[in-house]
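So the sequences go chain by chain: A and B. Sequential numbering of the first sequence, starting at 0, is according to numbering that gives the first Met the number 0. Sequential numbering of the second sequence, starting at 0, is according to numbering that gives the first Met the number 0.
Warning: the hint list may mix true and false statements.
As the list claims (entries may be wrong) - Simulated restraints, written as ranges between beta carbons of each label pair:
(1) A:D440 / B:T320: 39 to 47 Å
(2) A:L62 / B:S33: 28 to 36 Å
(3) A:D410 / B:S33: 52 to 60 Å
As the list claims (entries may be wrong) - Straight line, CA to CA, 30 Å or less: simulated DSS-like cross-link-like pairs of lysine-lysine:
(4) A:K298 / B:K24
(5) A:K308 / B:K133
(6) B:K123 / A:K24
(7) B:K24 / A:K123
As the list claims (entries may be wrong) - Output of the computed footprint for chain A on chain B, the stretches with three or more beta carbons under 8 Å from beta carbons of chain A:
(8) 45-58
(9) 108-119
(10) 133-147
(11) 225-236
Because the hints were derived from the structure by calculation, they are not lab data. Don't be surprised by glycine CBs; every beta carbon is placed ideally from N, CA and C.
The primary structure of each chain is shown beneath.
Number of protein chains: 2
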Amino acid sequence: MAEIQNKSIISRDENFAEWYTSIVKKADLVDYSSTKGSMIIRPYGYAIWENIQSILDKEFKRLGHENIQMPMFIPESLLNLEKDHVEGFAPEVAWVTHGGSEPLEERMCVRPTSEVLFCEHYKKIIKSYRDLPKLYNQWCTIVRWEKTTRPFLRTREILWQEGHTMHATREEAMAETLRMIKVYEDFQKNYLALPVIVGEKTDKEKFAGAQKTYTVEAMMYDGVALQNGTSHYFGTDFAKAFGIEFLNKDNKLETPHQTSWGVTTRMIGSIIMTHSDDLGLVLPPKIAPIKIVIIPIGKENEIVEETIKSLKTRFDEREITCKVDESDKSPGFKFAEAEVKGYPIRIEIGPRDLENNEVTLVRRDTLEKIKVGVDVVPDECEKLLDIIQKDMYDKALKRRDTMLYFAKDYDEFKEIATTKSGFIKINWCGEVACEDKIKDDLGLKSRCIPMDEHDPDGPCAVCGKDAKCQIYFGKQY
Amino acid sequence: MAEIQNKSIISRDENFAEWYTSIVKKADLVDYSSTKGSMIIRPYGYAIWENIQSILDKEFKRLGHENIQMPMFIPESLLNLEKDHVEGFAPEVAWVTHGGSEPLEERMCVRPTSEVLFCEHYKKIIKSYRDLPKLYNQWCTIVRWEKTTRPFLRTREILWQEGHTMHATREEAMAETLRMIKVYEDFQKNYLALPVIVGEKTDKEKFAGAQKTYTVEAMMYDGVALQNGTSHYFGTDFAKAFGIEFLNKDNKLETPHQTSWGVTTRMIGSIIMTHSDDLGLVLPPKIAPIKIVIIPIGKENEIVEETIKSLKTRFDEREITCKVDESDKSPGFKFAEAEVKGYPIRIEIGPRDLENNEVTLVRRDTLEKIKVGVDVVPDECEKLLDIIQKDMYDKALKRRDTMLYFAKDYDEFKEIATTKSGFIKINWCGEVACEDKIKDDLGLKSRCIPMDEHDPDGPCAVCGKDAKCQIYFGKQY
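Just chain A, same shape as in the assembly (with noise of 0.2 Å):
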């Protein structure tokens, strides 16, 4: 039944950026406007990020943070005020000019990111030692332009949190920007189940005005990476263009330390290039907005109804998210229904099941069926919350790590590189120009230098002089 309902989900082996589009589409994520380039989020995936966004900001208060709110626009000439950060961004940004019938005096571009906004603010409240740090946080929306959209993965609006914190010392701020790449990597493991990868961005690669970026890398079902979060370190560059300065302990001014950090609604883009299959959407039960669907099987019966009453109200005082389909589709349609919307346990009961006091627990991870005592429901699914949560981290590790390669030279590193999807480690001179040779040649990007393991044993795969690190290289969405 769930296979006929499903089948125009093209298959993820077949065409995976089909399949993805499909599955987004399917399972009531987003949809499309005529405002081009950007996504409707509908209220399945808007719950998501819901979630995403509700232990995020828990975690965040707890370590110190505040929420504050900037403005969306930025007038060009606050914009110019870091080069190296208006240069990589003043390409991409959307230009106000009007307001009304009128042109402004000065235009404003829509934010890209708000260091600028954050700088300016930091420049009037940071006087003393005694203000700092100054952990603050933003949730808005941001817009780059891009010419080449996708659902979550690259859009002209992204919804987003954006960290600024200003801070005494380098150490202080290196320690902010690492604590937060760590937060963003429990998270990604613990909630989403992404098995994630944390490095450093080469200089390269890091954020425009950054004096060092840490990323969060994924990696998707067919071996592509996903830069799922990045805390940059900037330095005083900054703080000394946009003059902030604090007086020390001592009397004496200096100049403050800086950190910015992120992450987006791409994430959800990452749960579903993950771990989401031909039926649909499989999502990690800590995420799921609905963690459990029950539905009822054959015709209209007492004993059924009061059973599903009477788990529901069971479920309702555990706060265990649960959808009871009461619709008059199909049991066969409501099967396939409840696998496209990836929910993480369907509870089918029926007067059969229920007259040995039982009913049958599917899992949407390995649709593997499970018969349990009516009794002790809510128990067993809780228990196999728990269990699906961990298997599917389990199972995204096991299969990226069959994705993960290492090439000693450069003929190896071709020779995976034209053959495997996933990432290829090597032992890498730290120079720019062999970086470029392998974005010429093949098309692919450096994705970090790992925080773990990423001491050189052997010299640099590319130009076979002597390594200072171990980096990774893979093709990128």
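With chain A's structure known, arrange chain B on it following the hints.
For chain B alone, kept in the frame of chain A given last:
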């Protein structure tokens, strides 16, 4: 002491506008940036908005609404689809004309409101009576290119929520329109302690494109009105313009009926202008980010410190947000700061009081000092927070009622309008000519035809003809 610190806040009776601006700055609610007409909502101000969002969002969801996220841009041709609507909004939208260095094929405005985007989407997803009602809501930022701006009251960027719903029948849509204005009324009365008047807008004052607009009208300390939330019934006008139709149970095509409703960060302005005083902010406990501040008195003292620590723990356990001011400022300075910030209760803990096993509670709303035993502090504070909430409402209601007037004829109306501040109720014939006359002669706009007590008890106060209803007039922000 407090007076010394806060004396830079001008008296609200002396210059209300300047007092307001001073409060929003001094209480760290907002700051300005080089983005003219927009404001930075600082952490303390944003925390009030987060509290508002959290309460309303829960209520919307309880009533069956789902959150969604629409694009922030509207192509000009889409905005033009509903005639009355575009006439109302086109003069005050911000236009994006360039993406990067390239001019757009069609310019787009930043959404001033999202009716047209919702309609375009509803056209796609509403096919059958089974798809109705659709109860969507969006939390987002909108832009209206205002010439004169004031923090929270009138800004170019506005944080708000906009509900947009579609229904099978006029009755259902009207019920939704009224249900949501009631949600706003209850919220503003019960959480913001605002004694609001709810009623219907005249044809002249209703929302561009709406058939009916209901409004929540709050009266500020100076007698001037603040429109604090609206709910609109659109009939089928938008739906027809967009070609939205559904198959009813008899398999016939029908046009659905539509509503929209919204409240904004303006509500924060109304809290300030209703409750605050010459010492600073006064926040209703239910919406205050920090409900209690504890201030130690005297030199460092072990018993004081232990008492504070234990109280803090007990407040945390009850989830009552409590801040301990351990800074190296003087107690007097801390008292003044607590008054500026409007924390509902201040607890002063000093060794002398502790000898009697007592501490001093100070109510922010009345400045009354109350000595209570250490053991009962959390209980007493919980009770006191409820009392403050209720007293703030009662006080605001009492004051507002002294500024409600009734004018039986135009001479009386002119007399009141030129000598008093507040709302003036009259019997009204329902003709726009009489409404216009008041506007032209005296600069007062109609506020609303109140839901209660709207039956006329005499002829129209302006033209002397038969009256149809009673209506309020007043100056507005």
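Report the numbers of all earlier hints that the structure fails to satisfy, in ascending order. 1, 4 and 11
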